[in-house]
Amino acid sequence: MEYILKNGIVYDPTNNVNGDKKDVMIKDGKIVDNVSSDAKVLDVTDKLVMAAGVDVHSHIAGPKLCLGRLYRPEDSRAGVVAKTDITRAETGFSIPSCSATGYRYSRMGYGTVTEAAVPPLEAKHTHEEIMAIPNIDVSPLALFGNNWFVLQFVKENDLEGLAAFVSSWLKISRCYGMKVVNPCGSEAWGWGQNVHGIDDPAPYWGVTGGEVVRALTKVNEMLGLPHSMHVHPNDLGHPGNYPTTIATLDVVKDIEKNPNVLRDQTIHCTHLQFHSYGGTSWRDAKSGAEPVADYINKNKHVTCDVGQVTFDETTTMTADAPMEYDLYKLTGLKWANKDIELETASGLIPVIYSPKSPVSTLQWAIGLELFLLIKDPWQVVLTTDSPNAGPFIRYPRIISWLMSSDRRTEMIENKEVHNWASKRTSLPTLDRVYDWNDIAITTRSAPAKILGLEKRGHLGIGANADVAVYDIEPENFDATKASNAAVVEDVLTRAAYTIKDGEVVVKDGKIVKIVPSRHMWTNVTGFEQQEKKVLEDIMPMFNRYYTVKFENYKVFDHYIDPAIEFTIDASK
Amino acid sequence: MVYEEPVTDYDHIVENCTCAFCGSNCDDLDYLVKGNHVVAVRHACRLGASKIMEDEDQRLKVPMMRDENGELQEVDWDTALDAAAELIANAVRPLFYGWSETSIECMKKGLELTEYVGAVIDNQATICHGPTVQAVQNVGYPLMSLGEVKNRADMVVYTGSNPMNAHPRHLARYSVFPRGWFRQRGRFDRTLVTWDPKFSDTAKMSDIWVPFEENGDYAFCNAIRAVLKGKELKEDVISGIPKQDIIDLTEAMKNVEFGALFFGLGLTHTLSKQRNIDIAIGLVQDLNAYTKWVLLPMRGHFNVNGFNIFMAYQMGFPYGVDFCRGYPRYMIGETTTVDLLNREEPDVFMVIAADPGAHFPGGANMHLANIPVIQIDIHWGPSTELADIVLPGTFIGVETAGTSYRMDSVPIHMKSAINPPETCREDEWIVNELYERVKKIKEEAK
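Order-wise, the sequence lines are chains W and R. To get my numbering, take the position in the first sequence, counting from 1, and add 1. To get my numbering, take the position in the second sequence, counting from 1, and add 19.
Hints in this document: simulated from the structure, not taken from any laboratory. Among the hints, erroneous ones may be present.
[Stated by the list, open to error] Straight-line distance between alpha carbons at most 16 Å, and here's what the computed EDC-like set of lysine to aspartate or glutamate pairs gives:
| id | chain 1 | residue 1 | chain 2 | residue 2 |
| --- | --- | --- | --- | --- |
| 1 | W | K555 | R | D47 |
| 2 | R | K434 | W | E552 |
| 3 | W | K550 | R | E34 |
| 4 | R | K461 | W | E552 |
| 5 | R | K458 | W | D86 |
[What the hints assert, rightly or not] Some chain R residues close to chain W (C-beta under 10 Å, calculated; not the full set):
| id | residue |
| --- | --- |
| 6 | R85 |
| 7 | G89 |
| 8 | W200 |
| 9 | I328 |
| 10 | M334 |
Just so you know, these numbers come straight off a predicted model, no measurement behind them. Beta carbons are placed, not taken as given, at the ideal position from N, Cα and C, and that holds for glycine.
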């Protein structure tokens, strides 16, 4: 099928197209420079055209999502939509059912989403859920930061072994990249403890979070994985945690980037908002966004996503299980926990972010500060760490805040939010606004580049034909006006067209076609000998301490159908 | 017990098979195969081995329908499938029950069919750990994978369950006997505690047996929570247990490094039902203020947890999901199987991989006797006596591969070792065939 999107206003920052009126041509699922006369014309005159969105960090599939759905039927009931001739029924608000997840991302014009935390033992579960999610390709990241084998390799300072282990485990779990969550802290949670800062060792192992992040980052660059180290630092959500965050970023500063990768960074710090707090307790907590943003402005080896609080009732879920228990002590809401043998822990708890609450407002304001203080939009990506700071369906609302400093001022002055926004942060003094080009960077081009996805996040020739068209005329619309914020949100929530691999899947905000999501995974080659040796070495420990057989541990091919394999030659 | 010689007469061994019996899903079984039969099983417990080996006993091998005299007679597959599809397509309130002993792949087809015709879909949780799920929805769910217990636990408590009889390898493979990373002496490094009115086989081998009175679970857990919170117990004996014993036990539980509480239907189905589980979960949450504690329900069928997980990720609700309005509804007491049958609502009942004839209350079964029942199963059982159409499936984990979820939600791909009987069909194929045929009937009627 061929298409021409005619006369749209195109924002394609990767190719330096900044609001030009031009046609986008599609053939066989790719962007091309010319099509035959049979091409179907979609008239998008003066409408906003971008590449489909790319989400660098979201929780959409896997065991902890499922636990959330199981124990929060109240959330499932909050988003019920009946089936149609095309779509299946939807449920859920913060933790939508699988089909709802696909439809909602697709309606917002997104085409690629990263599932941020996969415990390899339960990777089959994650892939089963990805199979149930339609219309978005998913790049799952496997958890390594508290894995016993990793801790052992780090303890023995065996980087070669660690690299072989990582490359082998990515194949076994069919994941795209590496994720580290509260390194050593989640292992300490095995004993009901936590670690504080990057120099606090895990009990028994004697290895610190800083050492784990450094070793895994080195390995990441040694292998040349498409995505960089993706880290959720220690001390999440604790007032006064920003020095830990900066220390985590700084501990990998001298590690050289692999020359073969597309990305610029060696470390991606996720949901930075939760890691940018000053003060010493919630009584005197204040923003720590300035020093963190300052560090990022001076250091190009770092990228981040924000984890913007959206003022919703949501469900927090993370492999940072001790933090979830802290939240339970704080709120007394129903607490769930799931520890995974030899690999990680995880926890869940419902949270209500209220604009009337000082703490929620502080978190909201810090998120916006980070967006506005980090100068280069290529270094900062829009996320809500969905569903932790808010569900992903709120992205358009965040965009409306970013595009209008008037709207932000209005919220503060009309007391829509608590006065901590002005007392404890610098948000009221920041009048920077994002334009459509910045929005295209922070929601598409930058995340695609950070993830190392060459063919996504832009509309250059040869790119995947993942395109979003929104029913708004950028040239005749003032997004900086406070009164227009609601319009921005509304329009971006329901794309006029979402095109996935050259097929129209959304039209006028409605799903018109279902395509299966593809499982993106990285296959490292050139490391076979080392992998074989490492597997032989660790097999006695595996057989003795896991409760499943190695043969049954792997994710088989039929769990990742259809798949996109990213082959990396590590010997280069 | 008579000594039996080891089986040496076999063609080949299939290693690392997964047992399709209880929720322990032991995945280390070796099947000794001769001439397309499993002649012996290594590593399995007696329950698992007998299910896998003696499976030809009372096996359903051909599709059957009742004739005018009410006798089940053999028919061909097309006739049986068409008749079943006709019943489902014309039903006003169909109910599809079971699923806990089949694969996730089959459930996928089943849910598509359910959604298409606007039926109710439910599984055995509705009569077993349903109250547990309710409690989890009330207060939370601090759990773990079984290897955490194996590697770390120095105290293991079983209550309302008797794993030595019901999950025979649970203690040996996961919780008490194995040598874990931090528990290198295995059994000797752990304290095994059983809270149970009965001196069960598990209680017999425990270090501490707490025989509280029947229906005394709630008060007993409550007393431990009270002691934990520094409260004075006002009675000398609570649920039949002397006050000092409760205080000592609480102290012991506080002072372990890693404790795990496993509970079964004995806790779920005594007087206070889900409130028992509420307080057990609350107790574990409280204990975490002192040290590490986790808990886990002892799930029965090998994929009963799998159905709850599957439904949660597909439709947001764990069991008892009603699609009659075009969107999923989950209301315990409204959309759950026994309640629907007691109200005589369903007009067609399909049971797959379950035996309501053996397990449902009389009133519910009386309604089943009055409506058409379609059975998909591998064995003749009480439900076959109620069935009007019988569709013989295949044995997951032996004859057909498929995905299941262990009691701790670890997904396992169960491989197949032998070929199914030629006259039988895979569950997934049967359900898909029904879906396609129902669709055809409905489309033609439009």
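Results for each hint:
1. W/K555 / R/D47: This hinted pair holds, its Cα atoms lying about 15 Å apart.
2. R/K434 / W/E552: Roughly 11 Å between the alpha carbons, so the hint for R/K434 and W/E552 holds.
3. W/K550 / R/E34: 10 Å, holds
4. R/K461 / W/E552: 44 Å, violated
5. R/K458 / W/D86: 13 Å, holds
6. R85: Violated, about 34 Å.
7. G89: 38 Å, violated
8. W200: Given a least distance of 5 Å, the restraint on R/W200 holds.
9. I328: 5 Å, holds
10. M334: Since the shortest Cβ distance to chain W is 5 Å, the answer is holds.
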